[in-house]
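Q: Now for the letters of each chain:
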Amino acid sequence: MTPDAVARDVEEQATDVDTASSPARPTTLVLQGVTKRWAGRAVLDQADLVVERAVSASVIGHNGTGKTTLLRILAGLILPEEGTIALDGIRQEDDRREYQRRLGYVSSGDGGLYARLKVKQNLELWAGLAFVAPSQRRAAIERSLARFGLEPLASRRADRLSLGQRQRVRLAAAFLHEPQLVLLDEPFASLDDQGADQLMAAIAELTRRGGSSLACAPADRPGVSFDQAYVLADGGLHPA
Amino acid sequence: MAGGALALIRRDFQLALSYRFQLVAGTLGGLFTLTIFYYVSRLVRVGPFDSPDEYYAFVIVGILILQVLNSVLAGPPTILRQELVAGTFERLAVSPFGPVGAVASMMLFPFILAVVTASILLLFGVAIFGVDLQLSTAALAVPAAVFGGLAFAPFGALLVALVIVVKQAAMGTTWIIAMISLVAGIYFPVALLPGWIAWAAEVQPFTPAVDLLRHFLIGLPLREAAWLTIAKIAGFSALFLPLSLWVLAAAVRLGQRRGTITEY
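Going down the list, the sequences are from chains A and B. Residues in the first sequence are numbered from 1 upward in steps of one, following the numbering used here. Residues in the second sequence are numbered from 1 upward in steps of one, following the numbering used here.
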């Protein structure tokens with residue numbers, strides 16, 4: 001199937017998915033009929049979700065309902081047993097590289113940084129792995145450092161940062177290559193108010209250029225709001 | 001794809017430099033080995049070696065090749081384990097470069113470093129212990145080492161696939177390296193192997209690679225025609241490199257299906 005055909009197919013699927021969002025708007029992410037079981041228990045059961053372009057969305061739910069599993073499936077770390085996922089009309093199984101190029105991902109926890117590399121070296125590595133053009137890397141890294149107030153820490157080793165500073169580096173890496181969709185799993189963990197403001201500013205900048213975000217984050221943090229919210233319960237996603 | 005591989009080579013170089021004495025300590029360790037085997041070689045006065053110096057040149061080249069082999073076989077599974085424990089493999093797995101490319105690229109810097117270190121140690125051997133290096137052909141050992149590395153790489157890829165699936169490969173790595181040391185003529189000529197196991201010297205790429213490198217470095221005659229030696233190495237690479245990468249990709253997909261790809 002050609003990329004155009006995939007895109008048409010996915011747009012058609014998007015109009016079929018029953019969500020609160022309008023199918024007429026262009027979509028970034030379409031997840032349809034996704035099922036994932038752990039030890040026989042379906043944490044996602046024929047789950048559907050459409051995230052439109054230029055939208056920030058959040059997923060809430062009790063512990064263990066499958067929020068992290070959902071994001072890990074969207075990030076391509078886990079394969080679902082059933083269902084399809086497309087990002088800008090591209091399915092991961094059809095064109096993995098293009099799918100991942102459009103994606104930024106911050107996992108829960110504080111892993112993912114090379115402890116003995118400096119902040120800037122960690123970002124340089126990510127720029128290389130994300131295929132940012134060599135001529136654009138320096139500017140992309142500087143933008144990302146500035147976005148999360150990391151310039152003073154650029155030459156500091158990752159293992160000499162506080163947890164909040166590490167989280168800002170992880171966020172900077174996820175936004176560095178200007179992805180179309182950023183997946184954020186508990187992104188406010190360890191962030192102070194300034195860090196949270198920087199993250200919300202980065203999300204706002206992302207939506208201004210037509211990108212989208214999907215965060216698993218508590219709904220009650222002051223100063224934090226998303227355009228759309230979904231509740232993950234009983235294996236399905238429901239508008240909050 | 002080359003950009004992703006270069007980014008990982010650069011990362012490994014930066015990490016190696018961050019441990020200030022690692023490179024020096026590694027080279028010094030090799031120098032001790034060279035010294036020990038120099039005195040061991042003084043005890044060797046049997047055929048097919050005419051003198052202790054001949055055995056010393058033979059075994060030193062074998063040991064340096066083993067060091068390069070170790071970098072491809074033992075290095076990547078250890079690095080991958082560290083990546084899994086530190087949570088950095090997840091970042092590689094979600095990158096456009098991808099888990100298969102990243103894991104395959106983990107072999108590159110250790111291989112380059114091992115070739116450089118082995119070259120330095122060989123020069124030590126020449127300068128301090130009088131190894132008779134064949135200057136007219138020694139430079140050919142570099143492409144031969146790369147060629148040999150391609151033949152060794154499938155074993156490394158299979159071991160990292162094992163780490164992805166069962167999370168451990170240390171025992172398998174130790175076994176493979178011990179077997180190779182035994183049947184590839186690292187420490188002694190394969191002609192000394194008893195008949196029941198002599199076939200094992202002929203069905204893997206290590207023996208012809210070791211023969212070829214010894215030929216270029218110290219002028220030891222090849223056991224077979226040069227074209228046949230090269231054809232064996234090339235054939236093994238052509239057959240098993242794509243196969244091992246396919247197995248590696250299958251291991252990654254299995255990890256993704258089971259949800260264990262980033263577990264350790």
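Be aware that a few hints might be false.
[To be verified] Here are the simulated SDA-like cross-link-like pairs (lysine to any residue), alpha carbons at most 20 angstroms apart as the crow flies:
(1) A:K118 / A:R97
(2) A:K120 / A:R96
(3) A:K120 / A:E178
(4) A:K120 / B:L192
(5) A:K120 / B:R10
(6) A:K120 / B:K167
(7) A:K120 / B:T78
(8) A:K118 / B:K167
(9) A:K118 / B:Q14
(10) A:K120 / A:L79
(11) A:K118 / B:G101
(12) A:K118 / A:S162
(13) A:K118 / B:I9
(14) A:K120 / B:L6
(15) A:K120 / A:L163
(16) B:K167 / B:T78
(17) A:K118 / B:Q22
(18) B:K167 / B:L254
(19) A:K118 / B:L192
(20) A:K120 / B:D12
(21) A:K120 / B:Q14
(22) A:K120 / B:E263
(23) A:K120 / B:L15
(24) B:K167 / B:S237
(25) A:K118 / B:L254
(26) A:K118 / B:A16
(27) A:K118 / B:D12
(28) A:K120 / B:A86
(29) A:K120 / B:L254
[Said to hold, decoys possible] Some chain B residues close to chain A (C-beta under 7 angstroms, calculated; not the full set):
(30) A5
(31) A16
(32) A93
(33) T137
The hints are simulated quantities; they were obtained by calculation from the structure and are not laboratory data. What you are looking at is a predicted structure, and each value in this text was computed from that prediction instead of being measured. Ideal Cβ positions, reconstructed from N, Cα and C, are used throughout, including at glycine.
Q: Would you mind marking each hint as holding or not holding in the structure?
A: Hint-by-hint comparison with the structure:
1. In summary, the hint linking K118 (chain A) to R97 (chain A) is not supported, as the alpha carbons are separated by about 27 angstroms, beyond the 20 angstroms threshold.
2. In summary, the hint linking K120 (chain A) to R96 (chain A) is not supported, as the alpha carbons are separated by about 27 angstroms, beyond the 20 angstroms threshold.
3. A distance of roughly 17 angstroms separates the Cα atoms of K120 (chain A) and E178 (chain A); the hinted pair therefore holds under the 20 angstroms criterion.
4. About 55 angstroms separates the Cα atoms of K120 (chain A) and L192 (chain B), which puts this hinted pair outside 20 angstroms; it is violated.
5. Using a Cα cut-off of 20 angstroms, the hinted pair K120 (chain A) and R10 (chain B) holds, with the two alpha carbons roughly 13 angstroms apart.
6. The straight-line distance between the Cα atoms of K120 (chain A) and K167 (chain B) is roughly 31 angstroms, outside the 20 angstroms bound, and the hint therefore fails.
7. Distance restraint check for K120 (chain A) and T78 (chain B): the Cα-Cα separation of roughly 25 angstroms exceeds the 20 angstroms cut-off, and the hinted pair is therefore not satisfied.
8. Using a Cα cut-off of 20 angstroms, the hinted pair K118 (chain A) and K167 (chain B) is violated, with the two alpha carbons roughly 28 angstroms apart.
9. A distance of roughly 9 angstroms separates the Cα atoms of K118 (chain A) and Q14 (chain B); the hinted pair therefore holds under the 20 angstroms criterion.
10. The suggested pairing of K120 (chain A) with L79 (chain A) is violated, with an alpha-carbon distance near 32 angstroms, which exceeds 20 angstroms.
11. Proximity of K118 (chain A) to G101 (chain B) is assessed by CA-CA distance (about 24 angstroms); at most 20 angstroms being required, the pair is judged violated.
12. For the given pair, K118 (chain A) sits about 14 angstroms from S162 (chain A) by alpha-carbon distance, which is consistent with the 20 angstroms threshold.
13. Under the criterion of a C-alpha separation no larger than 20 angstroms, the hint pairing K118 (chain A) with I9 (chain B) is consistent with the structure, at around 16 angstroms.
14. Between K120 (chain A) and L6 (chain B), the direct Cα distance comes to roughly 17 angstroms. Compliance with the 20 angstroms bound is thereby established for this hinted pair.
15. The suggested pairing of K120 (chain A) with L163 (chain A) holds, with an alpha-carbon distance near 17 angstroms, which does not exceed 20 angstroms.
16. Distance hint between K167 (chain B) and T78 (chain B) is fulfilled; the C-alpha atoms sit about 10 angstroms from each other, no more than 20 angstroms.
17. A threshold of 20 angstroms between alpha carbons decides the hint, and for K118 (chain A) with Q22 (chain B) the separation of about 19 angstroms falls inside it, so the pair holds.
18. Distance check on the hinted pair: K167 (chain B) and L254 (chain B) sit about 13 angstroms apart at the alpha-carbon level, within 20 angstroms; holds.
19. Taking the CA atoms of K118 (chain A) and L192 (chain B), the gap is about 52 angstroms. The hint is violated against a cut of 20 angstroms.
20. Only pairs whose Cα atoms come within 20 angstroms are accepted, and K120 (chain A) paired with D12 (chain B) is accepted, the gap being roughly 15 angstroms.
21. A distance of roughly 12 angstroms separates the Cα atoms of K120 (chain A) and Q14 (chain B); the hinted pair therefore holds under the 20 angstroms criterion.
22. A distance of roughly 27 angstroms separates the Cα atoms of K120 (chain A) and E263 (chain B); the hinted pair therefore is violated under the 20 angstroms criterion.
23. For the hint linking K120 (chain A) to L15 (chain B), the alpha-carbon distance of about 13 angstroms falls within 20 angstroms, and the restraint holds.
24. Under the criterion of a C-alpha separation no larger than 20 angstroms, the hint pairing K167 (chain B) with S237 (chain B) is inconsistent with the structure, at around 26 angstroms.
25. About 33 angstroms separates the Cα atoms of K118 (chain A) and L254 (chain B), which puts this hinted pair outside 20 angstroms; it is violated.
26. Between the alpha carbons of K118 (chain A) and A16 (chain B) the distance comes to roughly 13 angstroms, so the proposed pair stays at or under 20 angstroms and holds.
27. Between K118 (chain A) and D12 (chain B) the alpha-carbon distance is near 13 angstroms, which keeps this suggested pair within the 20 angstroms criterion.
28. Proximity of K120 (chain A) to A86 (chain B) is assessed by CA-CA distance (about 19 angstroms); at most 20 angstroms being required, the pair is judged to hold.
29. A C-alpha spacing of about 34 angstroms is found between K120 (chain A) and L254 (chain B), which places the hinted pair above 20 angstroms, so the restraint is violated.
30. The beta carbon of A5 (chain B) is not positioned within 7 angstroms of any beta carbon in chain A (closest approach about 9 angstroms), and the interface hint is therefore violated.
31. The interface hint given for A16 (chain B) is broken, as the beta carbon of that residue sits about 10 angstroms from the closest beta carbon of chain A, more than 7 angstroms.
32. Of the supplied interface hints, the one on A93 (chain B) holds, with its beta-carbon coming within about 6 angstroms of a beta-carbon of chain A, less than 7 angstroms.
33. This hint is violated: T137 (chain B) has a C-beta 37 angstroms from the nearest C-beta of chain A, more than the 7 angstroms allowed.
Violated hints, listed in ascending order, are 1, 2, 4, 6, 7, 8, 10, 11, 19, 22, 24, 25, 29, 30, 31 and 33; each of the other numbered hints is respected by the structure.
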